[in-house]
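Chemist: So you can see what is in the structure, the chains are spelled out below.
Protein chains: 2
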Amino acid sequence: MKRTSVTMADGRELIYFDERDDAVRATVDQRELPPPPPPAQLRFDALTDEWVAVAAHRQGRPLLPSTAECPLCPSTEQFQTEVPADDYDVVVFENRFPSFSGESGRCEVVCFSPDHDASFRELPVSRVRTLLSVLADRTAELSALGGVEQVFCFENRGVEIGVTLHHPHGQIYGYPYVTPVTRRYLDAARRHRDLGTGTNLYADLLAAERSSGERVVAANEFWTAFVPYAARWPYEIHIAPNRQVPDLAALTETELDAGAPLWSEVARRLDGLFDLPMPYVAGWHQAPVRTDRELGYLHLRIFSSRRAPGKLKYLAGSESSMGAWVNDIAPEQAAAALRAVNL
Amino acid sequence: MKRTSVTMADGRELIYFDERDDAVRATVDQRELPPPPPPAQLRFDALTDEWVAVAAHRQGRPLLPSTAECPLCPSTEQFQTEVPADDYDVVVFENRFPSFSGESGRCEVVCFSPDHDASFRELPVSRVRTLLSVLADRTAELSALGGVEQVFCFENRGVEIGVTLHHPHGQIYGYPYVTPVTRRYLDAARRHRDLGTGTNLYADLLAAERSSGERVVAANEFWTAFVPYAARWPYEIHIAPNRQVPDLAALTETELDAGAPLWSEVARRLDGLFDLPMPYVAGWHQAPVRTDRELGYLHLRIFSSRRAPGKLKYLAGSESSMGAWVNDIAPEQAAAALRAVNL
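Respectively, the protein sequence lines represent chains A and B.
For what it's worth, this note's numbering labels the leading residue of the first sequence as 20, then goes sequentially.
For what it's worth, this note's numbering labels the leading residue of the second sequence as 20, then goes sequentially.
I should point out that these hints are in silico values taken from the structure, not numbers from a laboratory.
Ideal Cβ placement from N, Cα and C applies to all residues, glycine included.
Do not take every clue at face value.
Unchecked claim - Derived Cβ-Cβ restraints for the label pairs, each shown as a range: (1) D213/A with P280/B: 51 to 57 Å; (2) P84/A with T95/B: 47 to 53 Å; (3) R309/A with S231/B: 33 to 39 Å; (4) L52/B with A87/A: 54 to 60 Å; (5) H135/A with E96/B: 55 to 61 Å; (6) L52/B with E233/A: 31 to 37 Å; (7) A226/A with G329/B: 44 to 50 Å; (8) G165/B with T310/A: 37 to 43 Å; (9) R50/B with T218/A: 52 to 58 Å; (10) E122/A with N239/B: 40 to 46 Å; (11) A227/B with D213/A: 35 to 41 Å; (12) Q99/B with F63/A: 51 to 57 Å; (13) E122/A with T271/B: 48 to 54 Å.
Turn these sequences into a full structure, and let the hints steer you where they fit.
Modeler: What follows is the structure, encoded as structure tokens:
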């Protein structure tokens, strides 16, 4: 893999990750762009002990532009996009409308296909493998930034989930704080370690899932995909390495090799459930950068809000106001349905 | 107000709350109904230290039935609904597809208008006043049930937020546990009390909002409506009594009288923002039934996902996976816009 970092017209960084080692990336971004917006304001919510970012500049970001105006496609002579080159394998660049930037974090966009109409599920496994290397690279690099406390790599898929750009892409957030969900996990993991046998909470849970097998969806020598016992969403899947590591950057090449086909398989099983593209969020849960590294356990959590072909689960009053979840699909039933999909 | 409790065809309870003291409620539910479904299963999520309900029977519940088949309209000779009578003021009944039931809680539906096409915003203030009394009644009664640890009264409004029945209605959940959001608030409030001046966290925050006035939307002698400093949603409003009380059942008649016009005003300001019905969740945050009563502080939290006429805020990767919120509207700007609405 060849890595070429260039500077965009407004000073943002863009990095090409090419599968061919002889790729040349000399095209210059010649657009006239306004300077990047000011960083979001971080506000502390005393009622919940959590940070909220207020990013008023994001209201102006584009909403579902047509293919001809897609900012994530390669550039053409007629239309210059965020990516100066006329083709790419995987490209990463700083978000033009970031939620976190400057001294308080960083937001990046990851385009994993130049094809506007592609989807993650259709990528060759070799491209998924490249993408895993890219996410490991970004995790290591963002972890080294002074303002970043946690790195989150994720993909939002489908207009049902609020996607504002159709072109297949992921995002990377370098948060200036340890996120609320991760803090809750760390609190539980610390209690488990201190009161119990000194073991890792997620490792113990994964061992139990592997031993029971009831909710396992797919597995290989290095990874396990399963529906968690207390799944919140109709279709929710964890993909975790069998060895405890804090983040993507800590995986071996062998583990990365084995992770790509499993991730691809789970994505295809998900879309095969109703023979419909499923709206989903797929996000890599990683340990914080500076604290509690040994309590963390890397895993990808994919969940879909689709509970039936014509029906979505919405986060209504109970979930969104009280954090009290009701799941209409039994996790064992979800796992069996995912296993039964013909690939 | 006259209160008449009757039994539905499948054994569920239904209560008429009539504004006229001479109302007679003798009509009997003569439908043939299957027995109520089994209670949901409560599963403990060790990774987050939270309970999740699995209620597989809810998949079959009706989705947006037409007016002619609405189960919340009064009954007619042609179509018998959940409400046997041919008219009502406010009626409450046990949910036919409950998330919590039996030994582990209770779910109720609250119909606050017999008019299928009405909305909360259009109710006369006298009906909002009746509704407040009904919610106080339900809070007291559900709090007395052995399996209930917290009572939550809420309204989901709009298909954008996942409403499955158009007929205007609210819901009441009697949870068998203290909900995650309330637990987080209580943890913060306990720390504030123990490390600080011994005062109530919410009371101190409310006093600061009243003193600054920058984010206050409306107020009267007994209540204050404001946008919180660290609002998560584009338009989010708290309505709180100026006196600290744990729940609706603890309000005086005078406070209930003063609360109705303010709640109504805020609902009208919200719909006036873009001259469009706003999707929203409006939920009464109340102290737990048995514990930490003195740390609680009753307030109604209303939030809308609409950030502009054609745009909704979705809970995508950052919010739904990491609990890390990004709000595109500054709370001061939201408060000013709400104040500026012509009523």
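Chemist: Could you work out which earlier hints the structure fails to respect and list their numbers in ascending sequence?
Modeler: Going through the list in order, the structure violates no hint and respects every one.
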